[in-house]
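Given chain A's structure and the hints, the job is docking chains B and C onto it.
Letter by letter, the chains look like this.
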Amino acid sequence: MLNPITEFVGTAIGDTIGLVIANVDHELHEKMGIDPKYRSIGIIGARVGAGPHIMAVDEAVKATNTEVLSIELPRDTKGGAGHGSLIIIGSDDVSDARRGVEVALATLDQTFGDVYSNEAGHLEFQYTARASYAINKAFGAPLGKSFGLICAGPAAIGVVLADTAVKAANVEVVSYSSPSNGTSYSNEVILTVTGDSGAVRQAVSAAREVGLNLLGSLGEQAVSTTKPYI
Amino acid sequence: MLNPITEFVGTAIGDTIGLVIANVDHELHEKMGIDPKYRSIGIIGARVGAGPHIMAVDEAVKATNTEVLSIELPRDTKGGAGHGSLIIIGSDDVSDARRGVEVALATLDQTFGDVYSNEAGHLEFQYTARASYAINKAFGAPLGKSFGLICAGPAAIGVVLADTAVKAANVEVVSYSSPSNGTSYSNEVILTVTGDSGAVRQAVSAAREVGLNLLGSLGEQAVSTTKPYI
Amino acid sequence: MLNPITEFVGTAIGDTIGLVIANVDHELHEKMGIDPKYRSIGIIGARVGAGPHIMAVDEAVKATNTEVLSIELPRDTKGGAGHGSLIIIGSDDVSDARRGVEVALATLDQTFGDVYSNEAGHLEFQYTARASYAINKAFGAPLGKSFGLICAGPAAIGVVLADTAVKAANVEVVSYSSPSNGTSYSNEVILTVTGDSGAVRQAVSAAREVGLNLLGSLGEQAVSTTKPYI
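Chains as they are written, first to last, in the working numbering: chain A, 1307 to 1536; chain B, 1307 to 1536; chain C, 1307 to 1536.
Chain A extracted, bound-state conformation (with noise of 0.2 Å):
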C-alpha cells in the first residue's frame, strides 16, 4: 500500500484493520442505525478474534473522548471455531476517533495475551478490574466493576471451564454462551463473570489451568499468540 489513504489507521494481529470516516454519508448513518449525531466514526476489524478487540476497545473509550455504537461478531476465525469482530466507535471529531482505534490496536498484543490455541481449538480468557462501555455493551457486565472471559472451542471445553470457574471462586455470572445461544454459531462456550477482582481472576486462572489440559488432549500444547497477561 504505496499511497495510504485517508481512512487508514493501521493493522494489528488476527487481520486486524483500523480505520475512521470523518464525516460519515448521511444516507448510509441511517442504514447503519447509527445516532448521526457521531459525525465521526472508529472501525475496529478482524478475521480472527472478538474477546481481544472488546476489551483492547474497552480501554481505547476509557482513553478517548469516543463511545461504542456497535459490536458485531461474524463467525470466522479463518477456518477456526470461533469470531471476528466489526466494532464502530463513535466521536464528534475525528482526531478523537482515530485516537479511539490507535489505543485499540496498540492494545491488541496485551488482550491476545491469553487466547491459546493449538491445532484442534482455542482458549481464551480475559481479565479486567474495571469494566468500561464495550464489555458493558457486549456482555451486559456492570460499568466499573471487575470482569473475567473464559472461552473455548470446541465448545465441549468450554462447558468444564464454566464449571471450573464458577466453583474456583465466589464470582457472579454475567452471561453464558453456547452454539446456539448467544454466539453467532461459533464452536464456543463463553462464560463471563464479575464480582470482587481477586475472586475474578482466581475463577479465570482456575479455569486456564484446566482449559490447556483439556485442549491439550485433542492436540499439542496450546501456546499464548502473544504473552500471557493474567
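Treat the hints with care, as some may be off.
One copy or two, it doesn't matter: identical chains are merged, so the pair holds either way.
[Unchecked claim] Keeping only pairs whose Cα atoms sit at most 25 Å apart, straight-line, the calculated DSS-like set for lysine-lysine is: (1) Lys1451 / Lys1337; (2) Lys1473 / Lys1337; (3) Lys1443 / Lys1337; (4) Lys1473 / Lys1384; (5) Lys1384 / Lys1368; (6) Lys1343 / Lys1473; (7) Lys1337 / Lys1384.
No lab work stands behind these hints: they were computed from the structure.
Showing chains B and C alone in chain A's frame:
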C-alpha cells in the same frame, strides 16, 4: 496431557472430546437451562461432525441410564461445509454420565463410516432400525422406528439426493433442512426419513450412489472417513 | 465421474455445481416450500461465492423461461470470510431449467471478474445496467434499473467502501448488510445501490479503488479471480 483431570473421559475422530461433570454448579445449571434434577452431565463435543455424534449419542442413551438434555450445532468443520456439535446428556450419577460418554465415543468410528469427503465437500448417510431419544430430539423422528439421514455439502447436491431418496422407496419425510432453514447456515441440505426398515435403507443407499457420483464431479472420488456401515 | 447422472448439468469456478430435477417429488416440493406449479427445478450451488451466483442467475432468468424460487446463503467460502450459495430456479419444462442452469454456469467467469482476494480477505463488486428477478429477490433492488454491489471482508473495510461509494456519485442505497444484520454471520459489509447507470458505475469504481488499497494493507495485493468486467 500428563495428568488427566477428573472431568476428562476421552477423545475420538473429528476433534471430538468427551467430558463429565459430577455435580454441575447450581448457578451454571440455571444459565445452561438444564433441569437441576440432573446432577451429573456428560458432554460430547466436536469440531467436525454433527450427524455422527447424534447417532452415537442415540446409541449411548439406549445403552445407559442417561437422557439427552441438549443438542447444539455450531457452524464448524474446520473450514468445511458442515456442522460441529455440542451434546449434553444428564444422569443422577456421574458413573452413568461417564458410561454414556464412553459408549458415544466408542460408537463414532461406526457412525463416521458413511461420511465421505473430498476437497470440494462431503456426504453423510446414517441409518438405524430403531431411533431413540437423541434422534428424536434432533430431528423430531418417531421413537422406536427406522430412521435414515441423507446429507450433502455443497447443499445443491443435497437437493438432488433428497429427491432421489424419496423417489427410491416408500419413505416418509421427517425433516428437510437447508442453509437458511434448520441448519446453522451450513452449506448442506439434510433430509431425514422414517418408514419400513427396508425402505429406509433403500432410500439411503440410492442417495449414496448418486451423491458419490455428483460430489466426484467437483474433485477426487470422495472416500469414507472410516468404514461404511450401511 | 464416468457416467454422469441425468440431473448433472455442469460445474464452474468456486466449487459450483449446476443440477436439474425434471419432476420434483410431490412431498419434497412441499417440504422445500416451492410452488408445485414448477414441476422442474434448476439448482445452482457453490462453496465459494454468493454475489457472482446471484448475478449469473439474474442473467439466466433474463435469457430463459425460468423463475427464481429461492436464494439461500450459507456461511461458507471454505474458510474465507464470505458466503456460499444455493439458488433454485423453476420452470414447467426440464429443458428450460437446464438451459437456465447452463446460462448461469457460463456467466460465472464474468461475475467472478471483480472478486479480488488475498490471504486476508476479499472484495467483490458487481454492476448491471438492468437488474432482473434474482437481484430483486436477493436485495430488493428495483427491476429494470441499474444496480451495483460493493462488498468487502473483513467487514471493517466494507464500512469504508460503503461510505466511499455513496459519496462518489448520486446513487440510492438499496441495502446495507453487516455480520449480524442481513448476512449469515459472514465477515462482510455489503452495500447495494441503484440509480443512474453512470452514477452506479462511478460509485462501484470509486469503492473498488479504495478497497484494493485497504485490503492490500493486510497482505499481498488482492487479485481478480478471473478478469475484471466493470
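Point to revise | Violations among the numbered hints, reported as their numbers in ascending order | key: 4, 5, 7
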